[in-house]
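One line per chain: the protein sequences are A, B and C, in this order.
FYI, in the working numbering the residues of the first sequence are 1 to 636.
FYI, in the working numbering the residues of the second sequence are 1 to 67.
FYI, in the working numbering the residues of the third sequence are 1 to 113.
Relax, there's no trap hidden among the hints.
Under the rule of at most 27 Å between Cα atoms (straight-line distance), these lysine-lysine pairs were calculated in the DSS-like manner:
1. A:LYS231 to B:LYS65
2. C:LYS95 to C:LYS25
3. C:LYS26 to C:LYS95
4. C:LYS10 to A:LYS231
5. A:LYS6 to C:LYS25
6. A:LYS299 to C:LYS10
7. A:LYS590 to A:LYS361
8. A:LYS6 to A:LYS20
9. A:LYS231 to C:LYS95
10. A:LYS6 to A:LYS28
11. C:LYS25 to C:LYS10
12. C:LYS10 to C:LYS95
13. A:LYS590 to B:LYS65
Sample of chain C residues at the chain A side, in silico, Cβ under 7 Å:
14. THR13
15. GLY14
16. LEU17
Simulated from the structure, these hints should not be mistaken for laboratory data.
Each residue gets a CB set at the ideal place from its N, CA and C atoms; glycine is no exception.
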Amino acid sequence: MALNGKLAVIDLSDRSVSIKEIPMSVRKRFLGGRGLDAYLLYNYTLPGSDPLGPSNVMIVSCGLLGGLLASSSGRCHIMARSPLTGFVGSSNIGGYFAPELRFAGFDHLVIRGRAAIPSYLWINDGRIEIRDAAHLWGKDVFETQAALEQELTDRAVQTLCIGPAGEKLVRFATVMTGFKNAAGRTGLGAVMGSKNLKAIVARGSGSLDIAHPEAALEYNRSINERILATKIAGTMQKWGTMFIYGGTNAIGFVRTNNFLSNQLEDGEGLEAENMEDVSVGHGACFGCQVHCRHRYVIKEGAYAGTYAEGPEYSSQGAFGSMVGCRDLNTVLACNHLVNRDGMDTLETGNMIAWAMELFEKGIITLADTDGIDLRFGNDEAVIEMVRRIAGRVGFGHILAEGPLRAAGVVGRGSEDYLIQIKGMSNLHSDERPTPALALGIATSSRGADHIRSRPGIDVYNLPLPTLERVYRDNPAPYAGPLVNRFDSYEGKAWMVLWQEHNYMAVDALGVCKFHTIFMSPNLPSFTEFSRMVELNTGLCLTPLQIWDAANRSYTLERMFNIREGLTRAHDMLPERYFTVPTPAGLPMAKGKSIDRDRFEGMLDEYYGLHEWDASGTPTPQLLERLGIGWEPTDVL
Amino acid sequence: MLGEEDTQPKERSREERDAEVRCLGCLGHFRPPSGADHADCPHCGASWRLTWLDAHSVKIRGPWKKS
Amino acid sequence: MTEVLRIDAKSCTGCRLCEIVCSVKKTGSVNSARSRIRVVRLGGSSGYLPVVHRRDLAVIMAGDIGPGRATMFEEYRRTGLAQCDFCGGDPACAKACQAHALRYERCAQEEVG
Ligand code: SF4
Ligand code: SF4
Ligand SMILES: [Zn+2]
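Excised from the complex, chain A in its bound form:
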């Protein structure tokens, strides 16, 4: 069957590798991917492990459905204690690496210790070698992958690697595969860098036997048909996530000039449609028919002629609206740079936007910025700052430390201008008009984030029957209210919690969030996941069992965070969400701020629905029911 991939525990300090079976009982309880990673992270780290020290572990995994017939089965998950936040470090990455890892015989890698010299892992058909990577150190992401393909004389190897930013321990460095696939958030590239681990290369010729081949083929075809029948998928096929910007900016949901506005005036230059001039086609992850990525060649500026992939909606914000730039070329150039050097597009853009607001307010001056004129809309300065952060040069060295540490160095009240939660900066979305989305970023286990629990469909004000179909008893019972107004505080705690479970299931199965209920209510979720698992693997898990597994893993992420010092105060929005109303946008978005009391009420409700106490700690009864009530939970 498809589920005989192993767990490998690799110690880079003593160069040992031990290979373990993953018992079916563990799979049923934690699925795989992010779900099982949460379990491994909790068990393989001690409280207070230095995120950049040898005792931190880096876990790399493919999902339960990785490589199988599941509409998109290429997603890889990576976890560690985050050097950015100190809490759960967790990021999901597309491309082709995860299936190749599984073809090579492994579903999860736990990597600990620190290599004495720069090294890479070569994982080939059941064997794991720790190899010398001195010759790769200093190479960028693209050079590293090309060099490894050449060295291993196989163009079909799949590589996860870090760029110079990861080597230099930029606290929001990424782990990359291909041109644009990034484990972007929470600084996992720095963890890899701290271990002297430049790359992980996988190649496998193993077969993944499908339990019911004909039925799985047919079901996958029908699922793909259904996905592609949505207008969202059709739009993504053409414009990728960049399409979101046109509508959100028109309404006033787009954070601009750090946090000074919620709409980029005259921002047409950033619209997805402009990609038509530079796009040479589309790219996709393993098995995916949505193919949301642009493949493009930069036409103008210092990087003219360069081939790159992406950019995403996040980069339109990071190097567009947040920094007040209106030139798509700036977005394209910076997207290329962060991918090449291996840095998180969102954190990079946020750091620059924050510095720009400080600069405009006179809190920092040219003396702080090495003479760089950090006014909003200075395209050249933005591109230069991206380079300096990646290289930790001058002021870039301070920004490379991430929001809280950088504010600690700058001082002068600069912390108040950060748009961060738990030490991680937010997407360029402005959640002041949308309480549900605000609760989502406040409570997400990895810090301010839009893909851990965002009820994206809430902003459509869907008809109630649609909300009922999605959120009521699907599959977990819910008797509370559902309200189809995005400005309401009622019933939103459940929507956030539901999405949290749904995205955890998606990340644990190793499929893509664009193929589930995120931006459309008509895409697959628990019922379909249950069927996919059965047809592919023969494992019978009811939708409710998948929901419970997601709950189990999410609870473990929460417990990990609590072990590292998380309190209710960390589930909190930046102060300006409460005190400064949005200055721009259509009537539904303008003049909005979050009501503090009602927000606290939502938070109480959310904790209650989770069976967490008022401080946000899972209750003993919940832990007992989920079977994770003992410590350690059980070491695999």
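Based on these hints, arrange chains B and C with the ligands on the given structure of chain A.
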């Protein structure tokens, strides 16, 4: 954002849905003339620039600025 | 009229679903190496090239083929893989590919010569 997914109580065919946009101002649905680069919402009068994914499928690109 | 598989490399996204479905259809398991169609990554802006293991003229290629096809045929020869049979007239790969890179269609005998 504000996709056309199930945003009307009545069932619509895929063709109807693709040919319609949803006004970002009043959230009402309307069908712009085929191939038009902009259109006014018949419900609230707001003007929108349009993008055609193909000959039959349209979405709002952004506000149309009246000069 | 005759049935052909028309390959438009320019539209290929490199997703490899064709490899997945072919190997499942033919062997009951996912394994690219056993797929009668393989996707060659040409690199950068050149994109991807799907190569079907079939030596007759019923496979029509559009777009730049380069040396990718020959290399893949060498690989097919080395592994002794069976040739594609169009799944008996209902090719799983073409049915799965939604990027319009693979089209199974009827065309005039003259076009295939
Ligand atoms: S939708 Fe995009 S991110 Fe998701 S699997 Fe497809 S190509 Fe990858
Ligand atoms: S299924 Fe189509 S788009 Fe995907 S790799 Fe095969 S030919 Fe290319
Ligand atoms: Zn209107």
